[in-house]
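Whole structure, please, built from the sequences with the hints as guidance.
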Amino acid sequence: MNTIFSAIMTYNFLSRALVVGLMISLCAALLGVVLVLKRYSMIGDGLSHISFGALAFAAVMGYAPLKVAIPVVAVAAVLLLRLGGKKIKGDSLIAIISAGALAIGITLISYSGSSADMNSYLIGSLYAVKSSDMTLAIVLCSVVLAVFVLMYNRIFATTFDEDFSKATGVKPGMYNTVIAVLTAVTVVIGMRLMGSLLISALIVFPALSSMRIFKSFFAVTLSSVVISVVSFITGFCLTIILDGIPTGACITLVNLLIFVLFSLVEQVRK
Amino acid sequence: MALITLENVTMSYEGVKVIDSLNLTVESGDYLCVVGENGSGKTTLLRGLLGLKKLDGGNICFSDGLKAEKIGYLPQQTEVQKDFPASVREVVRSGRIGTSPFKLFYSAEDKRIAEDAMEKLEIKDLAKKCYHDLSGGQQQRVLLARAICASEKLLILDEPVSGLDSNATDEMYDVIKRLNNDGMTVIMISHDIDKVIKNSKHILHLGQQKALFVGKTEDYKTIVKNGELQEKNS
Ligand SMILES: Nc1ncnc2c1ncn2[C@@H]1O[C@H](COP(=O)(O)OP(=O)(O)OP(=O)(O)O)[C@@H](O)[C@H]1O
Ligand SMILES: [Mg+2]
Numbered sequence: 001m002n003t004i005f006s007a008i009m010t011y012n013f014l015s016r017a018l019v020v021g022l023m024i025s026l027c028a029a030l031l032g033v034v035l036v037l038k039r040y041s042m043i044g045d046g047l048s049h050i051s052f053g054a055l056a057f058a059a060v061m062g063y064a065p066l067k068v069a070i071p072v073v074a075v076a077a078v079l080l081l082r083l084g085g086k087k088i089k090g091d092s093l094i095a096i097i098s099a100g101a102l103a104i105g106i107t108l109i110s111y112s113g114s115s116a117d118m119n120s121y122l123i124g125s126l127y128a129v130k131s132s133d134m135t136l137a138i139v140l141c142s143v144v145l146a147v148f149v150l151m152y153n154r155i156f157a158t159t160f161d162e163d164f165s166k167a168t169g170v171k172p173g174m175y176n177t178v179i180a181v182l183t184a185v186t187v188v189i190g191m192r193l194m195g196s197l198l199i200s201a202l203i204v205f206p207a208l209s210s211m212r213i214f215k216s217f218f219a220v221t222l223s224s225v226v227i228s229v230v231s232f233i234t235g236f237c238l239t240i241i242l243d244g245i246p247t248g249a250c251i252t253l254v255n256l257l258i259f260v261l262f263s264l265v266e267q268v269r270k
Numbered sequence: 001m002a003l004i005t006l007e008n009v010t011m012s013y014e015g016v017k018v019i020d021s022l023n024l025t026v027e028s029g030d031y032l033c034v035v036g037e038n039g040s041g042k043t044t045l046l047r048g049l050l051g052l053k054k055l056d057g058g059n060i061c062f063s064d065g066l067k068a069e070k071i072g073y074l075p076q077q078t079e080v081q082k083d084f085p086a087s088v089r090e091v092v093r094s095g096r097i098g099t100s101p102f103k104l105f106y107s108a109e110d111k112r113i114a115e116d117a118m119e120k121l122e123i124k125d126l127a128k129k130c131y132h133d134l135s136g137g138q139q140q141r142v143l144l145a146r147a148i149c150a151s152e153k154l155l156i157l158d159e160p161v162s163g164l165d166s167n168a169t170d171e172m173y174d175v176i177k178r179l180n181n182d183g184m185t186v187i188m189i190s191h192d193i194d195k196v197i198k199n200s201k202h203i204l205h206l207g208q209q210k211a212l213f214v215g216k217t218e219d220y221k222t223i224v225k226n227g228e229l230q231e232k233n234s
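Line by line, the protein sequences give chains D and V.
Heads up: the first sequence begins at 1 in our numbering, then just goes up one per residue.
Heads up: the second sequence begins at 1 in our numbering, then just goes up one per residue.
Everything labelled a hint here was simulated from the structure, so no lab data went into it.
Some clues are possibly wrong.
[Stated by the list, open to error] Quick list of in silico lysine to any residue cross-link-like pairs, SDA-like style, CA-CA up to 25 Å:
no.: 1; chain 1: D; residue 1: K270; chain 2: D; residue 2: F218
no.: 2; chain 1: V; residue 1: K53; chain 2: V; residue 2: S162
no.: 3; chain 1: D; residue 1: K171; chain 2: V; residue 2: S162
no.: 4; chain 1: D; residue 1: K171; chain 2: V; residue 2: F102
[Said to hold, decoys possible] Label-pair distances were calculated between CB atoms; the ranges are:
no.: 5; chain 1: D; residue 1: V226; chain 2: V; residue 2: K216; range: 55 to 61 Å
no.: 6; chain 1: D; residue 1: Y63; chain 2: V; residue 2: D133; range: 48 to 54 Å
no.: 7; chain 1: V; residue 1: T5; chain 2: D; residue 2: R269; range: 52 to 58 Å
no.: 8; chain 1: V; residue 1: D165; chain 2: D; residue 2: V75; range: 30 to 36 Å
no.: 9; chain 1: V; residue 1: D133; chain 2: D; residue 2: K171; range: 54 to 60 Å
no.: 10; chain 1: D; residue 1: K270; chain 2: V; residue 2: R178; range: 47 to 53 Å
no.: 11; chain 1: V; residue 1: D170; chain 2: D; residue 2: K171; range: 35 to 41 Å
no.: 12; chain 1: D; residue 1: R269; chain 2: V; residue 2: N23; range: 53 to 59 Å
no.: 13; chain 1: D; residue 1: S92; chain 2: V; residue 2: E152; range: 52 to 58 Å
[Stated by the list, open to error] Covered stretches of chain V, going by a simulated chain D footprint (3 or more residues, C-beta under 8 Å):
no.: 14; stretch: 48-60
no.: 15; stretch: 94-101
no.: 16; stretch: 104-118
Predicted, not measured: the structure shown is a model, and the values here were computed from it.
Every residue, glycine too, gets a C-beta built ideally from N, C-alpha and C.
Here it is, written out as structure tokens:
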């Protein structure tokens, strides 16, 4: 424990990664509850692939990565969340778009010949977190927290029954858009740490684990945040101890363990 | 006094007319039942009333200080995910969400209204239970309690008794009757003609696109008894 602590104090990039990770875990957990309950578990996955494609494009063209990725992913998120249910079923639409974006990204990076970037985008690492990410993560986290505190009741009402809340004058479209944009930013920032392949785990696992045990929306929301933060900190420490194993993988494994534990508890209770 | 006036309301899905130039007035304090075969457009009509579906023609006029949002709605099916974590209390309280445009938190009054609604529907002991662990009848009661929370004036209920056993059905009709006696206007879809005739004040019988009957329940009773209700355009 001491070594971890002193490592964080000594290396700037570690404290940066810690802050960004905590913020992103919190956001992902809150947004994840809504996304999972709207049956959009796969949206995080889809967005991370789109984000990969956008980052690859930015890298090849020499643009600032976030300036390209955030708008592109935000637009994709809004489209997926708002149009998803209509013509093509939501999840198949996500599958098509995300595979397409991944293929474009891989092609672009291979073409430009820098395979190192590809790895860091796909797997993620502590070293990839920039100080500009930290500012962005703090802003994002404040916004997400504010949205969830102020709009909690509306979010519940529209997630539980969109038609009813529409009939009583709430505009679900606006909430869906807000959730979509925030998810997009979370995915883009979180990708550096978690990797494009595993960022979606951060979104779906805490909510799914919480739903094993807790039966009210409030309890599930709270529990997701706790699970997410605990698994991030545990995973983060594991990466430092087991030098060489990527953070994303460690965090996801801790999340998986919690999910299995909660599922067992659920079985025992029955 | 007319609470809702429908003039030449026409509604369709992808060019296929479901409701064709329907005229209807609903008085304040009325208890209107909408009946008709599956697919005759009952749900569609109510969705039009609620502003959930656009009209293709005609218009709907609300009066008596009733805003379109001030309606308590009980949907035919709630497409809620099977394992959605939501306690009964959370669901009932969510009925209060539309009562003011910038409501962020539930006030003490909102909470009291929610508790009263649960009391009325005898689901108070279920308040902490998960909505999805309830029986169909209990779930309907929860949704009705939520609808009551949303409005003091008008309830729009889409088959509130579907899937209930005869006991629960009777209780549900009693609850709705009581609400109506207390001054609530009720518009309800039901397939149970006997119960409808016993409870409602007015009936709208929808056929293919056209209304086969609009009027007082007593008149409907005699028409049905004489077997005079016919599809006019078939
Ligand atoms: N979303 C939709 N898209 C296309 N057509 C629809 C849609 N919803 C309903 N319809 C069609 O409109 C007609 C009326 O449907 P509606 O749901 O209003 O019937 P209903 O009277 O409520 O029937 P039920 O008694 O089964 O509830 C039906 O023919 C149906 O096929
Ligand atoms: Mg119907």
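> Falls inside 53 to 59 Å, the C-beta gap from D:R269 to V:N23?
Replying inline: Since the Cβ atoms of D:R269 and V:N23 sit about 56 Å apart, the hinted range of 53 to 59 Å holds.
>> Holds or violated: the 52 to 58 Å window for the beta-carbon distance between V:T5 and D:R269?
In response: Check passed, 54 Å falls within 52 to 58 Å.
> the stretch 94-101 of chain V covered by chain D? Criterion: 3 or more residues, Cβ-Cβ distance below 8 Å.
Replying inline: holds (count 6)
> D:S92 and V:E152, beta-carbon distance inside 52 to 58 Å?
Replying inline: Hint violated: Cβ distance 44 Å, outside 52 to 58 Å.
>> Run the distance test for D:K270 versus D:F218: straight-line Cα separation, threshold 25 Å.
In response: 22 Å, holds
>> Holds or violated: the 47 to 53 Å window for the beta-carbon distance between D:K270 and V:R178?
In response: 38 Å, violated
> Does the hinted range 48 to 54 Å hold for D:Y63 and V:D133 at CB?
Replying inline: 52 Å, holds
> Okay, the stretch 48-60 of chain V and chain D, do three or more residues pass the C-beta test at under 8 Å?
Replying inline: Since three or more residues must qualify, the claim that chain D covers the stretch 48-60 of chain V holds, with 3 doing so at under 8 Å.
> Would you say the stretch 104-118 of chain V counts as covered by chain D, given the rule of at least 3 residues with C-beta under 8 Å?
Replying inline: Check passed, 3 qualifying residues.
> Do the beta carbons of D:V226 and V:K216 sit within 55 to 61 Å of each other?
Replying inline: 60 Å, holds
> When you take the CB atoms of V:D165 and D:V75, is the distance between them in 30 to 36 Å?
Replying inline: 50 Å, violated
> Within 25 Å, alpha carbon to alpha carbon, are D:K171 and V:F102?
Replying inline: Status holds; Cα separation ~12 Å.
In terms of the numbered hints stated before, the structure departs from hints 3, 8, 9, 10 and 13, listed from lowest to highest.
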